[in-house]
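Chemist: Here is how the chains run, residue by residue.
Number of protein chains: 2
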Amino acid sequence: MANQYVDVNTLKYFLYQVHQMEDLLEKERFQDHDKEALNLYLDSVKEFADKELYPYFKEMDENPAHHKDGKIYVHEQVKTMMHKGGELGLISAGFDYEDGGMQIPLMANTAAYYILDAANNHMPGYTGLTQGAAELIIHFASQELKDTFVPKMLTGEWGGTMCLTEPQAGSSLSDIVTKATPTDEGYYKISGQKIFISGGDNQFTDNVVHLLLARIEGAPKGTKGISLFIVPKNRPTADGGLEPNDVTAVADFQKMGQKGYCTTHLGFGDKDGCRAWLVGEANKGLHYMFLMMNGARIAVGRGASGIASAAYYASLQYANERPQGRKLSSDGRKNPEEKQTLIINHPDVRRMLLLQKAVVEGSMSMVFLAAKYYDLEATATTKEEKLKYNTLLEMIIPVVKTYPSEAGIHSVNNGLQILGGYGFCSDFILQQYIRDIRISAIYEGTTGIQSQDLLGRKMTLNNGQGLQLLAEEINATLAEAKNYDNLKAYAAVMEEKLALTQKVLQHLMPHALKGDYERYLADASIFMEFFSLVLMGWCWLEIGVTAQKDLLIGSNELPEEFYEGKLETLEYFFAYELPKTTSQAEILMNPSTVTIKKEKELIH
Amino acid sequence: MANQYVDVNTLKYFLYQVHQMEDLLEKERFQDHDKEALNLYLDSVKEFADKELYPYFKEMDENPAHHKDGKIYVHEQVKTMMHKGGELGLISAGFDYEDGGMQIPLMANTAAYYILDAANNHMPGYTGLTQGAAELIIHFASQELKDTFVPKMLTGEWGGTMCLTEPQAGSSLSDIVTKATPTDEGYYKISGQKIFISGGDNQFTDNVVHLLLARIEGAPKGTKGISLFIVPKNRPTADGGLEPNDVTAVADFQKMGQKGYCTTHLGFGDKDGCRAWLVGEANKGLHYMFLMMNGARIAVGRGASGIASAAYYASLQYANERPQGRKLSSDGRKNPEEKQTLIINHPDVRRMLLLQKAVVEGSMSMVFLAAKYYDLEATATTKEEKLKYNTLLEMIIPVVKTYPSEAGIHSVNNGLQILGGYGFCSDFILQQYIRDIRISAIYEGTTGIQSQDLLGRKMTLNNGQGLQLLAEEINATLAEAKNYDNLKAYAAVMEEKLALTQKVLQHLMPHALKGDYERYLADASIFMEFFSLVLMGWCWLEIGVTAQKDLLIGSNELPEEFYEGKLETLEYFFAYELPKTTSQAEILMNPSTVTIKKEKELIH
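Line by line, the protein sequences are chains P and H. Sequence positions in the first sequence follow our numbering and run 1 to 604. Sequence positions in the second sequence follow our numbering and run 1 to 604.
Derived from the structure by calculation, the hints contain no laboratory data. Source: prediction; values computed, not measured. Any given hint might turn out to be false.
The list treats identical chains as one, so a pair stands whether inside a single copy or across any two.
Capping the alpha-carbon separation at 20 Å, the derived lysine to any residue pairs in SDA-like fashion look like this [as the list claims (entries may be wrong)]:
hint, residue 1, residue 2
1, 224, 334
2, 503, 580
3, 580, 410
4, 503, 457
5, 51, 560
6, 224, 326
7, 503, 582
8, 284, 142
9, 58, 426
10, 327, 174
11, 549, 510
12, 514, 335
13, 68, 246
14, 51, 389
15, 386, 34
16, 600, 168
17, 580, 496
Whenever a hint applies, use it, and build me the whole structure from the sequences.
Modeler: Encoded structure:
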């Protein structure tokens, strides 16, 4: 197939075989769905992506969303994304029946969006953020607010955004200053500026519903004084119409990538006429927002993996078509009389392709696993079960957001290298993927922030019981792997890596116990790299165990090469990626304090 | 200073203190120069770069060089670069007096171009390639050809290029098919297509002199049948004028970065009227070209390091101005009552800045070292001395080209991350540096090609005597380091790393001895990463020894913080970068053959 951007066989294999999505469908919430129905949905999404997303990918890069005369203009195809996508269920599919949804698992929804991300990463954010905004309203707002705003969001007639960042408060949400003033009419009046608002406006939806963080006058300082509001671009009038709500598209941000996905600077209440409705209780805004954060972080990991997937297939196609150079003969020379070989036959090119495949598929599997934990938490029937899956999700979520992003950047970079000089040229698509994927390491908490979360909060979650629980899951995979001769060695390596994780943590913990958190967290980003690879080792071993089983039972759903290809990529991961943890542990246990500020300033 | 892009103090410190450039000035060739005169030259280049290059950097990105109506149009400032740059000596400075040059060392010339690269990497290629083309003519062409072409190239009235790549022959020069047909008039007629020709044409020079590789009819296949020709865009007429020479600018390549530096597709002899003059002997073209290759590879490493330098200072400035977040208190919490801190105070940001500084300055030092070996080879008075410095240069050259490029990309990527969301935005400059630097890993032999050269040729050069010679140089630095208590430990680590290098090579060599070159070279790129860090460890230790000496003798040329900052960056390098070699060695000694093509195709 020309212009492949995702392997649907792998995607379905990971959903059903590796992560057993059918077990989820036994849950009451999902009982109306079966494998066939979900596959039909995924296939219709793939068809939609093939037809409506992929063909516009380059065009959206070349004609960026932009600000003109106080308005934001986006590519015309955004209209199709919102309206046809809305019809297809891309906004509503996961919601309750009573809220207009289809109650499909997040796993299935994540797989659907994975396809969209891979096809054209400039588009899924428009429906995705509308879904997120609607979700906040559904979960925390009054019935009246739900009735007013949600239905038109689910059809894509209205868009939705999240307004968090302010110029003086990027990663530091405690410094938000946007002001909400109560009125006697029940609504609040908002005044402030929000920046980096994705999908902040467009010319195709009748309205955009902003979910905005602000501080009610007199609220406590810091994160405990932040409230969540619905602030529509146009507010509904008593007669069912809409009137402007003093929300201004002040400017946009032009970017190095993802240019079709507008990033806006919005002004609220410049003319003192911006009305807002409180969601839930006052001062609980950040709490509500953070309940959505795991979903948002899964989405960023998913998007990065999707972009890396599309880049991988572009590189693979090139490597399979481009003749260049010759294989070395046994005297180490090349014979110019011989025909040139395809570059896929050069080990260095194969190494880069395997690197891409390992990152893309490993990330995909990890993203699906996170969605599965999310679904298991959401459908748990006991408190213990809920806590278990919530804990497992919390433990892996910083990695689920970060590894696909950071390793994805590295993977696409290798993909570009496979094309040589052409990779740098605009006529080839790799240069766009490399520009697009770069934002992933910044969205929804930078890698630095995720790393502080991983080491600072998650490693000590529930006094270390979180890590214990995760280790049990990993050990279950290792126990299975030991049943297969060709996987035993990998299980043994993973055991070493788990022991190494303990050793590293035992080395770092005393700093935290002494109250020296700066020192404890100084190398959190290195710990992130380390722990990511350990989790990826587990994910790949899980894939390997599943593929090995299917090979042995002679499953004939897919050609043998499919399963062998998974085992080959597992081998690559353990030979080329996982060993990096040895050095990372060495770095983490190095006594140097060179990154901690000295009295004298030496960096200049 | 606002908008710093290079630290001239560091640059001069590396030239004179670390690499003792004054010793070079004792050589007969350079005897007319002293430190003061060379510093005057460097200062005038810096002034030129401040005024004529840096201010146009963003503009050249936003208004790319382009092809229109059969012509290539470049930014107007290229005119200044060629003509004023020519006047300043940027083309001629290194050449002999008798050829119109100033006989300055390549070290000084490299330092001058480093400043230009850092100021605006879209520009130095125009004069740099003209210099390279003139150098080929001067070294290998007849006096008549020299007299005809060189003088106007040195003033920048005429440009120059290197025409190697063809559509079917990228990295594989043995597959060149451009045809040269002898005529009775002494010249040849050329017919063929060349792509990726940097600086291939422009509207500001009266002529462009192409140094082109082609195959004379009937020549042997492969690299042994390639000849070098002078092919001017316009050929000189008997009356001192110029007439068109049937060289066509067929198209240009639009790129993700370095957009102001035109990359062209040139057609030769479409109308059978393209005349060319043979340089030197027939079939020796590739040999001549490769004699220039070390210089070209130093230039690519230099350029990458220069871009990374400019990116570092942009990140540093941002980190010193941007307040965000708070330091952690001893209970691990942040106090929102406290003022936000500057992000340079966060260890994770400091780590990224130190990473940038370590890469930028380490690369700069290595590039200067390569230029020094080049100068020492060029001025050697005995055969042994010449061989020694030629060998040393050959040993490090693949790393000199590759480490600044690959680590530079990584460094700029970290620089962008320091800016968070702003880093992704076009209003901030990091996104341009990251796009510009990406080509460095591809120019003049990709990282894969350099790695094959490093492991395949250089590690076994002169039966291993090359490696021995290099080890002696490194050991001399270690011996010096052992004189200082605070450097002893680093010397010990370096000794371990040298032993590890031997171990890795002993593990790999048997494959080569068995004639299994494919296997021997399969992980050449990993070996490149490994060996690069070992050499960088040496370079940083050399810087450390020098700085430590100056601290002890209380040199007051620069503030103490300057020397301490070098020692701090040395510490960073040994704590965070060099340990990566442990894992790389593990990967290199892993028995997996997963990257070598199987009978069944498993990558899909």
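Chemist: Is it within, between, both or neither when you check residue 224 against residue 326 at 20 Å Cα-Cα?
Modeler: For residue 224 and residue 326, only the inter-copy Cα distance (16 Å) is at most 20 Å; the intra-copy one is 65 Å.
Chemist: As a check of your reading, is residue 51 near residue 560 (CA-CA no more than 20 Å) within one copy, between copies, both or neither?
Modeler: Cα proximity of residue 51 and residue 560: none, with 31 Å in one copy and 64 Å across.
Chemist: With identical chains treated as interchangeable, where does the CA-CA distance between residue 68 and residue 246 reach 20 Å or less: within a copy, between copies, both, or neither?
Modeler: within (18 Å within a copy, 46 Å between copies)
Chemist: Please work out whether the CA atoms of residue 51 and residue 389 approach to 20 Å or closer within one copy, between two copies, in both situations, or in neither?
Modeler: neither (37 Å within a copy, 61 Å between copies)
Chemist: First find the shortest C-alpha distance between residue 549 and residue 510 inside one copy, then the shortest across copies, and answer within, between, both or neither for a cut-off of 20 Å.
Modeler: Answer is neither: 43 Å inside a copy and 37 Å across each miss the 20 Å cutoff.
Chemist: Can you give me the call for residue 58 and residue 426, within, between, both or neither, at a CA distance of at most 20 Å?
Modeler: both (10 Å within a copy, 19 Å between copies)
Chemist: Taking 20 Å as the upper bound on the Cα-Cα distance, should residue 600 and residue 168 be classified as within, between, both, or neither?
Modeler: neither (27 Å within a copy, 57 Å between copies)
Chemist: When no copy is named, should residue 327 and residue 174 be tagged within, between, both, or neither for a Cα gap of at most 20 Å?
Modeler: between (59 Å within a copy, 14 Å between copies)
Chemist: Classify it for me, residue 224 with residue 334: is the Cα-Cα distance of at most 20 Å met within a copy, between copies, both or neither?
Modeler: between (69 Å within a copy, 13 Å between copies)
Chemist: At 20 Å max between alpha carbons, let me know whether residue 503 reaches residue 457 within a copy, between copies, both or neither.
Modeler: Within. Shortest intra-copy distance 18 Å satisfies the 20 Å Cα cut-off; inter-copy 41 Å does not.
Chemist: Can you tell me if residue 503 and residue 580 fall within 20 Å by alpha carbon in one copy, between copies, both or neither?
Modeler: both (16 Å within a copy, 18 Å between copies)
Chemist: Between copies, within a copy, both or neither: which fits residue 503 and residue 582 at Cα up to 20 Å?
Modeler: both (12 Å within a copy, 18 Å between copies)
Going down the numbered hints, you'll see the structure goes against 5, 11, 14, 15 and 16, while the others check out.
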